[in-house]
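As a plain string of letters, each chain reads:
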Amino acid sequence: MRRIPFLDPQVLTKLPPIALKALRDVEGALAGLHQSPHHGQSIEFTEHKEYSPGDEIRHIDWKLFAKSDRYYVKQFEDETNLRGYILLDASASMNYPQHPKDREQRPTKYHYAASLAIALAYLLLRQRDAIGLLAFNSKQQHYLPPKSQPSYLLPLAQAIDHPPQESTALPENLRRLAETTRRRSLLFLISDFFSDPDQLEGLLKQLVHRGHDIVLFHLLDPDEVDFPFRDQTLFEDLESPTTRLQIDAQAIRPYYLQELQQFLDRIEHIAKRSGITYHRIRTDTPMIQVIRNVILRRARARKRP
Amino acid sequence: MNAISFLQPVFLYGLLAISIPILIHLISRRRAVRWPFAAMEFLLRSHRRVARRLRLKQFLLLLLRCLLIAGLALAFAKPFFQRAQGSSPAQPAAYVFVLDDSMSMRYREAPNAPTLFDRARSSMQRWIRRNARGEDRLALLRGAAVTQPQRNEQTELTFDKNTLLNKLDAWRATYENSDLAAAILRAQTILQKQRGVRAQILVFSDFTQHSQITYPRLTDQDILVRFFPIRPTRPAENRAILSVQVSPAPDIGQDAYQFDVLLRNFSAKPYNDLPVTLVLNEMPRARGFVRLPPWGTAQKRFVVQLPQTGNYAGYAQIAPDGLDADDRYYFSLRTRKRPSILLVNGDPRPISYLDEIFYLTNALRDDQLPFRVEIKQATADLPPANKFDVIALSNIEQLPTAWQEQLPAYVARGGGLFLSMGNQVRPEAFNVAFADLLPRQLRGVAFAAQRPDGTGVALSRFFGEVQVNHPIFQRMYRDGILFQSARATKLMLVETRRAQESGEILWRFSHGPPALLERKVGQGRVLLLTTTIDRDWTDLPIRPFFQPWIQHVFTYLAGGARFHRGRTLRIAQKTHIQLPGQDTLRVLPPKGVPSVLLRPEERGFPFPGAPQPGNYHFERQGKQIDSLPLSVNIDPAESDIRPLSDQEIQKSGQLTQTSRAGFSSQSERLWPFLLFALLLFFFLEAVALRFL
Chain A
1 MRRIPFLDPQ VLTKLPPIAL KALRDVEGAL AGLHQSPHHG QSIEFTEHKE YSPGDEIRHI
61 DWKLFAKSDR YYVKQFEDET NLRGYILLDA SASMNYPQHP KDREQRPTKY HYAASLAIAL
121 AYLLLRQRDA IGLLAFNSKQ QHYLPPKSQP SYLLPLAQAI DHPPQESTAL PENLRRLAET
181 TRRRSLLFLI SDFFSDPDQL EGLLKQLVHR GHDIVLFHLL DPDEVDFPFR DQTLFEDLES
241 PTTRLQIDAQ AIRPYYLQEL QQFLDRIEHI AKRSGITYHR IRTDTPMIQV IRNVILRRAR
301 ARKRP
Chain B
1001 MNAISFLQPV FLYGLLAISI PILIHLISRR RAVRWPFAAM EFLLRSHRRV ARRLRLKQFL
1061 LLLLRCLLIA GLALAFAKPF FQRAQGSSPA QPAAYVFVLD DSMSMRYREA PNAPTLFDRA
1121 RSSMQRWIRR NARGEDRLAL LRGAAVTQPQ RNEQTELTFD KNTLLNKLDA WRATYENSDL
1181 AAAILRAQTI LQKQRGVRAQ ILVFSDFTQH SQITYPRLTD QDILVRFFPI RPTRPAENRA
1241 ILSVQVSPAP DIGQDAYQFD VLLRNFSAKP YNDLPVTLVL NEMPRARGFV RLPPWGTAQK
1301 RFVVQLPQTG NYAGYAQIAP DGLDADDRYY FSLRTRKRPS ILLVNGDPRP ISYLDEIFYL
1361 TNALRDDQLP FRVEIKQATA DLPPANKFDV IALSNIEQLP TAWQEQLPAY VARGGGLFLS
1421 MGNQVRPEAF NVAFADLLPR QLRGVAFAAQ RPDGTGVALS RFFGEVQVNH PIFQRMYRDG
1481 ILFQSARATK LMLVETRRAQ ESGEILWRFS HGPPALLERK VGQGRVLLLT TTIDRDWTDL
1541 PIRPFFQPWI QHVFTYLAGG ARFHRGRTLR IAQKTHIQLP GQDTLRVLPP KGVPSVLLRP
1601 EERGFPFPGA PQPGNYHFER QGKQIDSLPL SVNIDPAESD IRPLSDQEIQ KSGQLTQTSR
1661 AGFSSQSERL WPFLLFALLL FFFLEAVALR FL
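The listed protein sequences derive, respectively, from chains A and B.
All residue numbers for the first sequence refer to our numbering, where the first residue is 1 and numbers rise by one.
All residue numbers for the second sequence refer to our numbering, where the first residue is 1001 and numbers rise by one.
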């Protein structure tokens, strides 16, 4: 069997036997686990509807016609399979840490993101849902349409097995996705979100409005959160190496942490306001814990209404 | 002119250390680690917010650290503020500088440190360079007691500052005493006729207890006298040898001499095992340790055996200190073997006190046994005369002929002969036997006086006039001994002087006849006592002065004192040296002192005064002469280098602090303020680190 990049067998063995469900109704091509907004052919009756031309004649409730002398059509709850999209940020900023010593201890953000994406894809494919992919940066994007064959995992993994580069271009790609994806879908957005939060908010709102169920995975390296640097350091922007800043790291730390916290709060606030599930993940957190979290949280949320 | 000067300017090199924080700053900037980072935006945003503040903080920290180091270096250099005094600067000035070049200015705090004199000279030069203007006139005088004209002094006011500075360069500290009062008087004389100028006398000295700074004012002219104390930075430590006393030590041995070295501590520091060394003729002869209490004195006694006749020049020495000139004390001495004396008894008696030489023997044998005495009878076989230094013949009738014939040659070679009379002496035989030796021919025995009635009962006559300058009388006469108290009843008359006879009368009886005569034969001497040496004819032997006198007599006959102490002079002390011969003498000084020639004068050879301590020998025609050297030592007063208090100095003039001098409470010290500033910098640095 060919080895699938980013797929950690250990994670797979530990995946909980619970299905990953969409929180909102999603539209799928096949009958599946997820509630569909279309009244379908299941046996679960939901309501009556006055007949109008074009409705299936076989759904007319003849007993009711006998009582009321009007044509009513029986409607049934339809179950559909899920269409999921994984949006993966492949910009250079995801390629942190760069120091080989650090990389021994923990993966880069991109590696972590890709692993997370493949794990999610595996989950959805396991429950016969369709999953598509958009890995993007400002220069290129890899788009794979949603499919539900289990063998689809390999092309997905291959599509993201490229080194991250260039800048983020998150808004553009979200906009494009909003335009092209007409059906309600489950969107997994994995990024560090180092871009303009205002723009991001607008686009996310637009997507939510269209009925998409969005899950944000906000990846952060421990260095970014803790800022453990001490001496004079020449910081170099990963996305544009010409942007440099030499500074006494210890002196600037409190200000940096303040700025970061503001940013994180902002992103979380945007997610909350738009009804988007938000996961903030440090890349030193074990992957299985993250996935378990995601599944359980969704399962709980689904039961709540 | 106001100026900041420093007591320890060497610490100013510490200012170079300012470069350390700057270098660290630059190096740390250069050595910054390159670190690719994702969340640059927040860094940039934070940096925009705080860049100015951080830059300010870094600059402030750097500045404070530099100031800290600079402040520290400055504080160690001990800066002080010097305020020039004086009246209107428009008026030209006449300065007379007095530089103390006395012995105490040779003090140095560490082996290679400059002496106080060097420091005083540089202070003075600095002062002149800074303060003397072209229209000011200057003169330069020595602070040491001036015994002879000084070539390097500038005793007339001059405009030529550079010549004065050059003259100063050639000055060296002397070993002389200081006499600042005399120097100030001379300075006043120089300034006396100057009108319309600011007249100032500037005295640079260590101002110690021995400094004379109370001076009379010569005129009512307004002359400002300013004192510039040049002092050690910590209390001076000095110890000195004040004297070395030499005397025979008969209790310990016949040839033993004791050297008593007197030491004094001129400091508050006690010395428990201070080594003292005694050097004789360049050979260390004894070494000991002494305990010297603070401000106290101590005596160290060395006993040394010196059995040979000879001259010894030497010194006692202690471990050198800051003022090393007084750590040595020079002396010289001449020792002789104990003279051996042969007493030939012409009239021995079984009853001791009736014996002819009873009194003589006892006078020569005292506790200290200064002579080796051998007694023989005139009839016995006499030992060879050459074995003895002095031979005394008392009341001799006849001697063995062969032995007697040795005597002229014995005396001519330097032996001493003492002849005393008595009943057995027959003048005719005596005149023949001792024809070449007698000072005068004997004439016959006579009563000193007879009763007027002619009964023949003798009356006594007093001894009379003595030659007080003769060595056998000189010292006792000075001590007030009345030789005229002795009497005689009988005496041997001598012939009147004949032309070829060289006999000299040293003592007469009160009525005229000679009592003691001397004749020099070759290198030896003959003394003739015209009365007895026992009580037969005179009461001389029972007079109190008899014993010491007879010892002087025999010492003289033996060729001089057994022990003779050389003369000790102070630095620059003049004297006349009594030495035989009229040829020019050359002084052989210690190393580093020019030799001088001495021409005889009426009172002896004039010694001009020594510039340096040491033993000064003499030579004549290229050969060192056999005489004791002159030992020249420091005046112990100069060793006392306790400083005068500022109050005492101010009684005589205006106290001015110089750079690198010790500080009084009135000086304007800047370093306490600097130290306070340092504290403040520390505090500010901490604040900057914590809050900025």
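Keep in mind the hints are simulated off the structure, nothing from the lab.
Quantities reported herein were computed from a predicted structural model and do not represent experimental measurements.
One thing to keep in mind: the hints can contain errors.
[Stated by the list, open to error] Across the chosen pairs, the derived CB separations fall in these ranges:
{"hint": "1", "chain 1": "A", "residue 1": "Arg-182", "chain 2": "B", "residue 2": "Arg-1055", "range": "32 to 42 angstroms"}
{"hint": "2", "chain 1": "A", "residue 1": "Leu-154", "chain 2": "B", "residue 2": "Ile-1027", "range": "19 to 29 angstroms"}
{"hint": "3", "chain 1": "B", "residue 1": "Ile-1027", "chain 2": "A", "residue 2": "Arg-282", "range": "46 to 56 angstroms"}
{"hint": "4", "chain 1": "B", "residue 1": "Arg-1055", "chain 2": "A", "residue 2": "Gln-258", "range": "11 to 21 angstroms"}
{"hint": "5", "chain 1": "B", "residue 1": "Pro-1009", "chain 2": "A", "residue 2": "Gln-258", "range": "17 to 27 angstroms"}
{"hint": "6", "chain 1": "A", "residue 1": "Gln-258", "chain 2": "B", "residue 2": "Ile-1018", "range": "31 to 41 angstroms"}
By construction, the Cβ of each residue, glycine as well, lies at the ideal position given by its N, Cα and C atoms.
Cross-check of the supplied hints:
1. A:Arg-182 / B:Arg-1055: 32 to 42 angstroms: Taking Cβ atoms as reference, Arg-182 of chain A and Arg-1055 of chain B lie about 55 angstroms apart, which means the hint is violated.
2. A:Leu-154 / B:Ile-1027: 19 to 29 angstroms: 54 angstroms, violated
3. B:Ile-1027 / A:Arg-282: 46 to 56 angstroms: 35 angstroms, violated
4. B:Arg-1055 / A:Gln-258: 11 to 21 angstroms: Between Arg-1055 of chain B and Gln-258 of chain A, where Cβ atoms are some 19 angstroms apart, the hint holds.
5. B:Pro-1009 / A:Gln-258: 17 to 27 angstroms: 52 angstroms, violated
6. A:Gln-258 / B:Ile-1018: 31 to 41 angstroms: Given a distance of about 36 angstroms, which is inside 31 to 41 angstroms, the answer is holds.
Checked against the numbered hints listed earlier, the structure breaks hints 1, 2, 3, 5; every other hint is satisfied.
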